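*Asks:* Here are the chains, one letter per residue:
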Amino acid sequence: MEKVFRALADPSRRMLLDRLFARGGQTLSALAADMPMSRQAVTKHLAILEEANLVSVHWQGREKLHYLNPVPIGEIVHRWVGKFEDARVESLTGFKAGIEEKEKKHGRT
Amino acid sequence: MAAPEFVYTVYIAAPVERVWNALVDGDLTRQYWGHENRSDWKPGSRWEHVRVGPGGEVDIAGRVIEIDPPRKLVTSWFSPGDEGNEARTSRVTYEVSEVGAEARLVVTHSDLNEPNMRAGVSSGWPLVLSSLKSFLETGKGLDALDKRVKELG
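Residue numbers (our numbering), protein chains in the order written: chain H, 1 to 109; chain D, 1 to 153.
There is no bait here: all hints are sound.
Only pairs whose alpha carbons sit at most 30 Å apart, straight line, appear in this in silico DSS-like list of lysine-lysine:
id, chain 1, residue 1, chain 2, residue 2
1, D, K140, H, K3
2, H, K64, H, K3
3, H, K44, H, K3
4, H, K64, H, K44
5, D, K72, D, K42
6, D, K140, D, K150
7, H, K3, D, K72
8, H, K64, D, K72
9, D, K140, D, K72
Examples of chain D residues toward chain H, derived with CB under 7 Å:
id, residue
10, A3
11, P4
12, S130
The hints are simulated quantities; they were obtained by calculation from the structure and are not laboratory data.
Quantities reported herein were computed from a predicted structural model and do not represent experimental measurements.
Virtual Cβ for every residue (Gly too), placed ideally from N, Cα, C.
Start from the sequences, fold in the hints, and give me the full structure.
*Replies:* If you want it as structure tokens, here you go:
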């Protein structure tokens, strides 16, 4: 999980993930053409993203294609946010029941 | 062959065989996926993704295209209403390998031309794979997945 946070800490790497979210299956050349940095820098950032498992790789013939892999981010979300979400949904359900109860009293449905 | 639409990777602290069984054994898939994967898993056989619950709806079905236990499984994938419609049939490849003490599972989804399926799949796989990891490492899948399955109706 530390690798994921470290990989996400860099704005260029987040930009690369944005590019892959918009369009999966890009080559290094396609990504480098679209990024305001050298090809070497993109290579380095991609390696860090791969190492953190935030990028999956697929070989299509001789082309190495890169894909956003959100699975590790999901693990972070489920670990913390998921619990909050349950609480939020429950409170909203309570809120809705309260409103409906009030409306019934006022003769509206 | 066109490039796949999605390639997902998950590392799981479990032997390759356990990961494989968790994909093809309906009693296991129901515990983290909210569905039973049912098939005799022979090449050419049908497989069905059956929702857990009283209705037992088949949400996804397909054919076993290639199977090489416990390493590789390739299936076709469609909504039951789209059976026989090639344009709405996609393909899923599961590859399990050992990386150090962990298993790596790569799920590749290709030929996803149907927009609704594409949208469902892109939010579904990461959740399923996180739930699988949680199930094999802690014995329990994710509540978030149960919730999503319930929302199917």
